[in-house]
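Here's the letter readout for the chains.
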Amino acid sequence: MIRVDDLRKNYGQNKAVDGISFHAGTGEIFGLLGPNGAGKTTTISIISGLLEATSGTVMVNGQAMSPTASTVKKSMGVVPQETALYEELTARENLRFWGGLYDMSGARLRERVGEVLALIGLSDRADDAVKTYSGGMKRRLNLGLGLIHEPQVLLLDEPTVGVDPQARLSILDVIRAAARKGTTVLYTTHYMQEAEELCHRLAILDHGKILAEGTVDELKKMVGEGEIVTVRGNFTAQQMHRALEGHPHVRTVSLEDRQAVLAVTGDGGSARLLQDLLGQALEVDGVNVRPPSLEQVFIKLTGRDLRD
Amino acid sequence: MLSIALMVAKDLRRRLRAPVGLIVMLIFPLVFAGMVGMAFGPSSGSGSGLPVVTILMVDHDEDLLSGVLQNATGNEEFSRQFDMVWIEEEDEARLMMENGEASALLILPENFTSDLLDGKPVTLVLIKNPAQSILPQVVEEMAGLLGVFLDTSVRILGEPLLAISETFEGVEDDSSLFPDNQVLVALTLQAAARIRPISRYVFPPAMVFDTVSEDDVTLATLLEASPADTVDDLRSRQAALAGDEELSDAAGDDDEFNIFAVLLPMVSLMSILFMGDNGMRDLLAEEKAGTLTRQFASPAGVGRVLAGKIILTLVICCAAMLILAVVGMALGWISTSISLVGSVLQVGAIALAATGMSSFIYGFARTDRAAATFQSALVMGMSMLGGSMVPYRQMPAFLQAVAPYTINYWGIRGLTDLTFRGLGAADVLQEAGVLLLIGALGITVGWWRLSRRYALGTKA
Ligand SMILES: Nc1ncnc2c1ncn2[C@@H]1O[C@H](COP(=O)(O)OP(=O)(O)O)[C@@H](O)[C@H]1O
Ligand SMILES: [Mg+2]
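In order, the protein sequences belong to chains S and R.
Under this note's numbering, residue 308 is the last one in the first sequence; the count climbs by one each step, no gaps.
Under this note's numbering, residue 1460 is the last one in the second sequence; the count climbs by one each step, no gaps.
If you are wondering where the hints come from, they were derived from the structure by calculation, not from laboratory data.
Small disclaimer: the values here were computed from a predicted structure and weren't measured.
Among the clues, some could well be false.
Below, simulated BS3-like cross-link-like pairs (lysine-lysine); rule was C-alpha separation at most 25 angstroms, straight line [claimed, not checked]:
| no. | chain 1 | residue 1 | chain 2 | residue 2 |
| --- | --- | --- | --- | --- |
| 1 | S | Lys209 | S | Lys220 |
| 2 | S | Lys221 | S | Lys209 |
| 3 | S | Lys209 | S | Lys15 |
| 4 | R | Lys1288 | S | Lys74 |
| 5 | R | Lys1120 | S | Lys131 |
| 6 | S | Lys74 | S | Lys181 |
| 7 | R | Lys1288 | S | Lys138 |
| 8 | S | Lys74 | S | Lys138 |
From the structure, some residues in chain R lie toward chain S, with a derived Cβ separation under 8 angstroms [claimed, not checked]:
| no. | residue |
| --- | --- |
| 9 | Leu1006 |
| 10 | Arg1094 |
| 11 | Ala1285 |
| 12 | Gln1295 |
Yeah, the Cβ is synthetic: ideal placement off N, Cα and C, and Gly gets one too.
Using the sequences plus the hints, can you model the full thing?
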């Protein structure tokens, strides 16, 4: 398990991590969701003992983490954002080396290398030099290296960036399997859908601060149950605001000229809202009705799109 | 401790997968010592044992480079070993090959010079005589080296060479067009400026000639030896080169003055200092690849990673010295009966000094560029002052006073004690001691800087 308390990291005036706290239990996949520059990598670097925090504490399995805490490091698997592999060596040699660094050897190491190769689907290319691999294969090996010593805690920094859909699915499966075996997983991403699919609990991170934390369902409730209605058309924010008066089941998620994102509760609420808007002679070009997603949560919390 | 061994083994394995860089570094001292030695050693005459290799040359280029080649190979010393026959017609040359009249046929294609200078791919055609085994292989190796050399030279010296080529255009028809000295000096300077930053790839003793004054008896004057010189003339110059009176006596014993026993230590030292870079540079390479950070996140931590790289450097330097020694012995350049203990001591000390220098450099340099510049300056400077380019005894007194502050001086002194003077371990204690001290100092400073830098966190 991982417990982070009031963690801070300043780069001069820049507060890369600005007082974050969270807890991830055994077998849990905990997500840190946030845009580029939110502080995800900085947080993971501190937890993995690569960076000294400005203040705050990190406890891993009840022991304090620091750059020199080698017993704690031994129980952790770290998968960096950029693939970190020896390109001249084969996948098997890479795995053997990292296994060795974590005190594995002999038959146990050999067996585990075979297991991990099968897990990441590289058994048939195991003895080819890594430099001949595709991007997706390298990503999978990058993940495999973090798993070789069966760590109790797994830290993953955006492991699916730039990966084709198939490799992505296989990576997510491997992570789920590790969690089922009791590994605590900390997973950072800026893909909302991925966070929704994978994480048991997650925290939304922006500018070094946690804006909200909970299960996916809990977070979605922040924008309301029911449906998300996006309306586009030739109207001003003010016109829309007036048109919405007297709709108790409609909450505004975001509102600007030409586009409104609304959360609607109650059976048939969306239909009633649309009839009403059309009746008020608002010029509507398009409507989109969806169940709520983390995207709206993020927009509601920050007032901007995660993709910006 | 085990994890350090794993790291070193991993790094050595990575090197064996891509050994070209190291091989080139090893080849240069051998080739250079071989060239200089062959040209001026008495063994280059009839005594070399190898039969004369006949090479047919067909020149479709008739430009700067083929001209240079023709001149260079016309040199008397070269032609003792190689008989270069320039044939006008390709058909005629091929016919001669079929008749087995030569070991190999090398064809310089049309526009060879201009294409090469324009950066276009050029192909040298080498036809070997299948009836012979060794000799054509010798030619093939040489042609391969020539290819590497020309390719590198053009990459580095492209513009100056182009200028030279233009300068010489039309010279044959009108001797008044021959470039005046000022143009040549300007071109030389331009070329030298290009050479400096990449000197790690080009073996630099070619620059010796700039650095010696006229009345010194040096390699340079040896290189200028005229064909009319008698063997005795050469011998006395070699003795002067080695700079020790006992030498003539020592040589007198078996009547075999061995210039390689002097040349190999000189060039080896410089080459080892360049090679020390190969281990420590890995820190930057691994930093870029992300594997450095990943190792820091493992239980091994910063200290063992650094220790691993330092040991790797030491191992590479020792291995390189060992290979140079073995090849040197196989070629008969150094005696197989030199003191084993002394050699181990001296070689280990040199390797440690080279490692120390490299640790020191990477303690300060944070980029490949900075390290390369720093290293070139340091190695070239020490090589010039320390006797890798001009033998210590031939240097002016004020430079001799500086020499003991270089690694080269102590390295060469110890090695020639062993290879040339046939002395033993006790006689190299002082040299080895100084080198060990230099090494320990460099490693300490490098370690201190590097561990501080990495403890603050690598790039996030
Ligand atoms: N080594 C560093 N020096 C200075 N600023 C840094 C450094 N590393 C990260 N930052 C800054 O800290 C903030 C968080 O960065 P990071 O943790 O990499 O975000 P993320 O991983 O979420 O994209 C950014 O503003 C970034 O510019
Ligand atoms: Mg990041």
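Problem set entry | Hints breached by this structure | Per hint list: 5, 10 and 11 violated.
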